[in-house]
Amino acid sequence: RVAVAGNFAPVLERLAPGFEQGSGHTLRPSSGSTGRLYAQIVQGAPFDLFLAADAARPAQLESRGLVVPGTRTTYALGRLALWSPAADDVDALLARLQAQPPPRLAIANPRLAPYGAAARAWLVNEGHWAALGPGAVRGENIAQAFHFVASGNAELGLVALPQLRLFHEQTPGIAWTVPATLHPPIEQQAVLLRDSEAARALLGWLLTDTTQAQLRALGYDSP
Amino acid sequence: MITAGDLEALRLTLMLAAASTAVLLLLGTPLAWWLARTQRRGKFVVEALVALPLVLPPTVLGFYLLLLLGAKGPLGGLLSSLGLRPLAFTFGGLVIGSVVYSLPFVVQPIQDAFVRVGPRPLEVAATLGAGPLDRFFTVALPLARPGLLTGAVLGFAHTLGEFGVVLMIGGNIPGETRVASIAIYDHVEALDYGGAHGLSLLLLGLSFTLLVAVYGLNRRVRVMRA
Amino acid sequence: MITAGDLEALRLTLMLAAASTAVLLLLGTPLAWWLARTQRRGKFVVEALVALPLVLPPTVLGFYLLLLLGAKGPLGGLLSSLGLRPLAFTFGGLVIGSVVYSLPFVVQPIQDAFVRVGPRPLEVAATLGAGPLDRFFTVALPLARPGLLTGAVLGFAHTLGEFGVVLMIGGNIPGETRVASIAIYDHVEALDYGGAHGLSLLLLGLSFTLLVAVYGLNRRVRVMRA
Amino acid sequence: MSLVVELRQHLEAFELDAAFQAPARGVTALFGPSGAGKTRVLRGVAGLDRDVSGRVHLGDQHWLDEGVFVSPHHRSLGYVFQEASLFEHLDVAGNIDYGLRRRRAGRERRDELVELLGLGSLLSRRAETLSGGERRRVAIARALAPAPDLLLMDEPLAGLDPARRAEVLPYIESLSRTLAIPVLLVSHQLDEVARLADHLVLMDHGRVRAQGPLDAVLADLDGPLAAQADASAVLRGVVRGIDPRWDLAEVDCGGVTLLLPATRLTEGQELRLRIAARDVSIVRERPRDSSILNIFPVTVVNRRGAGAQVTLELALDDGATLLARVTARSAEELMLEHGARVHAQVKSVAVLP
Amino acid sequence: MSLVVELRQHLEAFELDAAFQAPARGVTALFGPSGAGKTRVLRGVAGLDRDVSGRVHLGDQHWLDEGVFVSPHHRSLGYVFQEASLFEHLDVAGNIDYGLRRRRAGRERRDELVELLGLGSLLSRRAETLSGGERRRVAIARALAPAPDLLLMDEPLAGLDPARRAEVLPYIESLSRTLAIPVLLVSHQLDEVARLADHLVLMDHGRVRAQGPLDAVLADLDGPLAAQADASAVLRGVVRGIDPRWDLAEVDCGGVTLLLPATRLTEGQELRLRIAARDVSIVRERPRDSSILNIFPVTVVNRRGAGAQVTLELALDDGATLLARVTARSAEELMLEHGARVHAQVKSVAVLP
Ligand SMILES: Nc1ncnc2c1ncn2[C@@H]1O[C@H](COP(=O)(O)OP(=O)(O)OP(=O)(O)O)[C@@H](O)[C@H]1O
Ligand SMILES: Nc1ncnc2c1ncn2[C@@H]1O[C@H](COP(=O)(O)OP(=O)(O)OP(=O)(O)O)[C@@H](O)[C@H]1O
Ligand SMILES: [Mg+2]
Ligand SMILES: [Mg+2]
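Residue numbers (our numbering), protein chains in the order written: chain A, 49 to 271; chain B, 253 to 478; chain C, 253 to 478; chain D, 130 to 482; chain E, 130 to 482.
Please note that a few of the clues may not be correct.
[Stated by the list, open to error] If you want the footprint, here are the derived chain E segments under chain D, 3+ residues with CB under 8 Å:
(1) 286 to 293
(2) 413 to 423
[Said to hold, decoys possible] Using C-beta positions, here's what the derived DEER-type ranges look like:
(3) 334(E) with 470(C): 47 to 55 Å
(4) 262(A) with 298(B): 45 to 53 Å
(5) 230(E) with 197(D): 28 to 36 Å
Simulated from the structure, these hints should not be mistaken for lab results. We put the beta carbon where it would ideally sit given N, CA and C, even for glycine.
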C-alpha cells in the first residue's frame with residue numbers, strides 16, 4: 049500500500065507494471081494531496097510507503113517518529129515548465145508574461161504545493177510577481193493549474209514538465225522548461241512507514257538506475 | 253491565529269452565499285412551482301435531471317464547468333465571441349457554480365411544499381379575482397413558507413461549505429475568489445491546524461448564530477400569528 | 253476506458269450510498285418527527301445544530317472526523333482501548349462520515365412534511381384506538397411520503413457524489429474505501445480525462461436511471477391510488 | 130343577466146350532463162342527494178375544471194362555449210365552497226379583504242357583512258383557531274364582500290345556528306334582488322330553500338331531473354318531490370296593512386287575505402309565502418272560535434298519494450293553488466274528491482315570511 | 130355507563146367551563162350558537178387537548194380527573210369530527226376499517242353501516258375524489274364501525290340529504306339503546322335533535338345554560354329556548370294498534386290517544402313524539418268534519434310571550450303537557466286564560482315518530 053502524491057500518481061501508474069513483473073508484488077496506490085496523506089498517516093492510515101510531493105512533510109513525519117528511521121530519501125526532482133496552448137514560439141511565450149493587461153497565469157498554490165513555491169520563486173526572481181502574482185489563479189495542486197490552462201480558462205501556466213510529457217497529445221502550443229537553477233529544487237521525498245518487504249522493494253526499485261532513467265525521460269531530474 | 257486574509261475570505265463567503273441563495277430562490281422557486289403543478293408525462297425526467305448534479309463529486313462538477321466556461325467550451329466561446337470576459341475565476345462564475353450544485357437542495361423542498369399546499373387555496377383565490385401571478389405570490393408562496401425556508405437554509409449553508417466547485421472554477425484568488433471553505437482547506441493542507449481550527453470555529457459560530465436567528469424568527473412569526 | 257478498478261469503485265459507491273441512506277432515514281426520521289412535534293423552546297437550537305455540518309467544507313469536516321475517529325482521536329482511542337478497530341479508513345467510517353454530512357438534507361424535508369401533515373389525522377387515529385407508534389407508522393409516515401422520498405433521494409444522491417469527507421476518513425484505498433467519486437477525481441487529477449469522462453457518464457447514467465425509476469414509481473403509486 | 134348553464138364532464142364512475150337556466154334576479158336552488166353532482170356544477174360554472182365542455186353564459190358574457198374558456202379570475206363571481214377553505218396564512222380580515230382589492234369593490238358591503246355575520250371580534254384571529262361555524266361565516270363574507278356578478282354557494286349555511294341562518298338568508302336574497310345578480314345555492318334544507326329560492330333545479334346522478342319556478346316544482350304532484358314530506362305551495366302577496374294592536378300583518382294574496390305575525394314586515398312590502406302541505410288542514414264547515422285565523426274556501430282539484438297520507442291540490446277562489454297533506458282516512462271521511470268545496474285552515478304562526 | 134363531564138379550558142378570547150351529565154342510554158344533544166364551545170367539549174371528552182382540567186367519567190372509567198389523564202387511544206370512543214377529516218392516504222375501505230383492528234371489533238356492524246350509508250360502490254375510492262356528503266358518510270361509518278363505548282358526533286348529518294338523514298338518525302338512536310352507550314351529538318337542527326335526543330344540553334359562551342331531559346328543556350317556558358320558534362312538548366306513548374285500512378297507528382299516550390301514519394311503526398312499540406308548539410292549534414268547540422284527527426280537551430295552565438305570538442302550556446287530562454303557539458289576537462279572542470277549558474288540535478302528519 050502506497051500513499052502517493054497526486055502529481056506522481058500517474059507516473060507511478062505508468063511505471064508500475066515494470067515493478068510488479070520484476071518483483072512479483074502488487075501495487076495498491078492511494079493518491080492524494082501530500083497534506084491530506086500526512087494527516088491520515090498521523091491518524092494511523094494503513095500505508096506502507098509514502099511518496100510525497102515535497103520534503104517537508106516526510107521530515108515532519110520522521111521527527112514525530114512515525115517512519116522507519118533512516119528511510120527518508122529524495123526519489124525525484126521536479127521540473128517546472130511555462131506553457132501556453134496558444135503560443136507558437138518560445139519568445140512569444142515569454143513575451144506574454146509582460147503583456148498588458150496582464151494575462152491569466154495559472155500556478156499551483158505556493159503555500160501547498162512545492163511546484164507552486166518554485167513557480168512563485170521564479171516569478172519573483174524574474175520580477176513578474178508584482179504584476180502577475182496577486183491575480184494568478186491558484187490550483188490546489190499542480191494538476192489543477194494544468195486544468196486551468198488545458199481548458200483554456202488561463203492563457204498560460206507554470207506546470208510540471210512531467211505532466212506535459214506524459215500527456216503530450218492533450219497539450220498543444222509551446223512549453224518552455226524553466227531552468228532548474230532559477231528556482232529552489234522541487235525535492236520529492238519518500239519515507240517507509242512500515243517495514244514490509246514489498247515496500248522496501250518498491251523504494252529500492254524507484255532508486256534504481258533504470259527507473260531513474262525512465263523518470264528523466266518523463267521530465268524529472270534525478271537527485 | 254485568524255489573519256486578515258481569513259476575514260477577507262469570510263466576507264467573500266458570506267457575499268457568495270447570499271448571492272447564490274438569492275439566485276437559487278429566484279430560479280428554484282419557479283422551477284419547483286412548475287414541477288409541483290405540471291401534469292406532463294415527462295415531469296419525472298426533469299425531476300431526475302435537477303437532482304443529477306448531486307451525484308457528481310463537486311470537484312468533478314467544477315472540472316466540467318471549467319471545460320464549459322473555458323475559451324474552448326461552448327459557453328466560454330460564446331461569451332468571448334460577444335467580447336465578454338470568461339466567467340471562470342470571477343465572482344460571477346462562483347455564483348454559477350454554487351447555483352448548479354445547490355439547486356436540488358433548493359428545488360426539492362420547495363416543490364414538496366407547493367404540492368402540499370394543494371389546489372384549493374388557489375381555486376379560492378381565482379374565484380376572488382386573483383390571476384396566476386397574483387395567486388402565486390399571495391397564496392402559494394406564503395403557504396409554502398416552511399419549504400422555502402428549508403430550501404433557503406440548505407442552499408445558503410451548502411454554499412457556505414461549498415468547496416469543490418469553487419476550488420475548480422474559482423482559482424483561489426485572494427480577495428476575489430478565495431472563500432472561507434478554501435481558506436480552511438488551505439490551512440489544513442498546509443498543516444496549519446491552528447489556523448484551520450480558528451477559521452472553522454469562526455465560520456461555525458457565525459453560521460450557528462445565523463441559523464438560530466432564522467429558525468427563531470420563523471418560530472416567532474408563527475407564534476405571533478397564532 | 254473504464255477499468256476494473258473503476259467498476260469496483262462503483263460497486264463500493266452504491267453500497268455506501270445504500271447503507272448511508274438507510275442509516276440516514278433510520279436516524280433522520282425520528283429526529284425530524286421530534287422536531288416537527290415538540291413544543292420546546294430550545295427546538296430551533298437543535299434545528300440549527302442539525303444544519304451546521306453543512307457549512308464546513310466536506311474535506312475539513314472529514315478532517316475533524318478523522319481527528320475524532322482516528323487512532324489518536326477520542327472516539328478512535330476509546331474503540332481501540334475496547335480492542336476494536338478504529339473506524340477511520342473502514343467502510344463503517346465512511347458510512348458515519350456520509351451520515352453526518354448528509355443529515356440536514358434528510359432531516360429538513362422530512363420535518364417539513366411532518367409539520368404539514370398537521371395534528372388532525374393523528375387525532376382521528378387516536379380516537380380510533382391507535383397508539384403513538386401505531387399512529388406514526390400508519391398515519392404520519394404515509395402522509396409524509398413526499399418528504400421522505402425527497403430526503404432519501406437527496407441523501408442518496410449526495411452520498412453518491414460525496415467526496416471530501418470520504419476522501420479524508422476513507423483514505424482512498426482501492427476496494428475498501430475508494431468510491432466512484434474519488435476514482436473520478438483521481439482520473440481528473442491524473443489528467444486522465446478519458447477515464448474521468450467515462451466513469452462520470454457511467455455514474456450519471458446509473459443515477460439518472462435510478463432517479464427516473466424512483467420518481468416514476470412514485471408517480472405510478474399516486475396514480476394507481478387516484 | 131340570466132345564467133345559462135350546460136355542462137358535460139366525464140369522471141371515472143361519474144358522468145355529469147346537466148343543463149338549466151337561472152333567472153337574473155333571485156335565488157336558484159340546486160337540490161339533490163349526496164353525489165348528485167351539485168358541487169361539480171358549481172365548479173363548472175366557476176371555471177375551476179378545465180375538462181368540462183358545454184356552455185356557461187351570464188347575460189352576454191360567454192364564459193364557456195365552443196372554443197371559449199374564460200379563466201376563473203376573469204369571471205366575476207363569488208363562491209362559497211362546501212368546505213370553508215379559508216386562507217390559513219391570513220387572519221379573518223385578510224381573508225375577507227382578499228377579493229376586495231382584486232374586484233375593485235368598496236368596503237361598505239364588507240362592513241355590512243362583518244356586522245351581519247358577527248365577525249367584528251374575530252377580525253384579527255387566524256383561520257385555524259376558529260370554530261366550524263365561524264369559519265363558514267368568514268367564507269360567506271369573503272365571497273359576498275366584493276359584490277360579484279354571480280354568487281355560487283355550496284351549502285353555505287350548514288353548521289350555522291337557526292338564529293344566524295334566519296338573518297343571513299334574507300340578506301342573500303335581498304342582495305340578489307337589489308344587485309340583480311343570480312344566486313346558485315346548494316342546500317339540503319328544503320324549508321330553507323323554499324323560503325328563499327325563486328327557481329329550483331333538482332339533480333340526480335349528474336342530470337337535471339326537474340327545473341322551473343319554485344312554486345311549480347314544489348307543487349308538481351307528479352314531480353320528484355311529491356313523495357317527500359316537503360311539498361309546498363308558494364303564494365305571492367303584498368302587505369296591505371298592519372294591525373298594531375295584535376302586531377299582525379294583513380297580506381293580500383290576490384283574492385284571499387292572510388293574517389301573519391308582523392315581525393319584520395312593513396306596509397306595501399311584497400313577499401312570498403311558502404305554505405307547506407303538512408301545515409294545511411281541511412274542514413268542511415268553517416269552525417267557530419278557532420285559534421286558526423286563516424281559513425279560506427277552496428275547491429279540491431287533485432288528489433295524489435298512497436298509504437296513510439295523501440296530498441291534495443286546492444284551488445283558491447282566485448285561481449292560486451294550495452297544497453294540503455292529510456291522512457287517507459280524513460280524505461275518505463270528508464269525501465275530499467275532485468270538485469269538493471271545503472275550507473282550508475292555515476295557522477298564522479306556521480307561515481314565516 | 131352514564132357520562133359525567135366537567136371541563137375547564139382557557140384559550141385566548143375563550144373560556145370553557147362546562148359541566149353536565151349524559152345518561153347511559155340514548156342521545157344527549159349539545160345545542161348552542163356558533164362559537165359556544167360545543168366542539169371544545171367533545172375534544173375535551175375525547176382527550177385531544179391536554180390543557181383541559183376537570184372530570185370525565187364514563188361509568189366507572191375515569192378518563193380525566195385530578196392527576197388522571199387517559200390517552201385518547203385508550204378511551205373507547207368514536208368521534209365524528211366537524212370536518213370529515215378522512216385519511217387521505219387510504220381509500221374508503223381503509224378509512225372505515227382503520228378502527229376495526231385496533232378496537233378488535235367484528236365486521237358485522239361495519240357491513241351494516243356500509244349498507245345503511247350507501248358506501249358499497251365507493252369502497253375503493255380515494256378520499257379526495259369523494260363529494261362532501263360522501264366524505265361525511267364515510268366519517269360516520271368509520272367512527273361507528275368499531276362499536277365504541279361512547280359516541281361523539283359533531284354535526285354528523287350536516288350536508289346529508291333529508292332522505293339519508295331520516296335513515297341514519299334512527300340507526301344512531303337504536304345503536305345507543307341496544308349497546309347502552311351514551312351519544313353526545315352536536316346539531317343545529319332542533320327538529321332533528323328533538324326527534325332523536327333524550328337529553329339536551331344548551332351551551333353558550335363556553336357555559337352550560339340549561340340541561341335536562343329533552344321534554345323538560347324544550348317545554349320550559351322560562352328556559353332559553355322559549356323565545357325560539359322551536360318550543361315543543363314531548364309525549365311518550367305505546368302503539369296500541371294499527372288500522373291497516375288507513376295505515377294509521379293508534380298511539381296511547383297515557384290518557385289521550387293519537388292517530389299517526391303507521392309508517393315504520395309496529396304494535397307494542399314504545400315511542401316518543403315531539404309535538405312542536407307551532408303545530409298545535411286551539412278551538413273552543415270540537416269541530417265536525419275536520420281533517421285533523423287528533424283533538425283533545427285541555428286546560429290552559431300557563432301563557433307566555435309578547436308581541437304577535439304567545440305560547441300556551443296546556444294540561445292534558447292525564448297530566449301531560451302540550452305547548453301551543455298562537456297569535457296574541459286569537460289568545461285574546463278565545464280568552465285563553467289560565468284555567469280555560471279548550472280543545473287542542475294536532476295534525477297527524479305533523480307528528481313524525
Ligand atoms: N375527482 C373526482 N374523481 C372521480 N369522481 C369524482 C371526483 N369528484 C367527484 N366525484 C364523484 O362525482 C359525484 C358528484 O360529486 P359532487 O361533489 O358534485 O356531488 P354533490 O352533488 O356535490 O354531493 P354532496 O351533496 O355530497 O356534496 C360523486 O359521486 C363523487 O364521488
Ligand atoms: N385554538 C384556539 N385558540 C383560540 N380560540 C379558539 C381555539 N379554538 C377554538 N377557539 C374559540 O373557542 C370558541 C369555541 O369554539 P368551538 O369550536 O368549541 O365552537 P362550537 O361551539 O363548536 O361552534 P361551531 O358550531 O361554530 O362549530 C370559538 O369562539 C373559537 O373561536
Ligand atoms: Mg357537494
Ligand atoms: Mg364546532
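Structure-based check of all given hints:
With a cut-off of 8 Å between beta carbons, the region 286 to 293 of chain E has 7 residues touching chain D; three or more are needed, and the interface restraint holds. For the region 413 to 423 of chain E, the proposed coverage by chain D is satisfied: 9 residues have a C-beta within less than 8 Å of a C-beta in that chain, meeting the threshold of three. Our hint of 47 to 55 Å for residue 334(E) and residue 470(C) holds, since their Cβ atoms are close to 49 Å apart. The hinted range of 45 to 53 Å is satisfied by residue 262(A) and residue 298(B), whose Cβ atoms lie roughly 51 Å apart.
Look at residue 230(E) against residue 197(D): about 52 Å separates their beta carbons, and that is not inside 28 to 36 Å.
Checked against the numbered hints above, the structure violates only hint 5.
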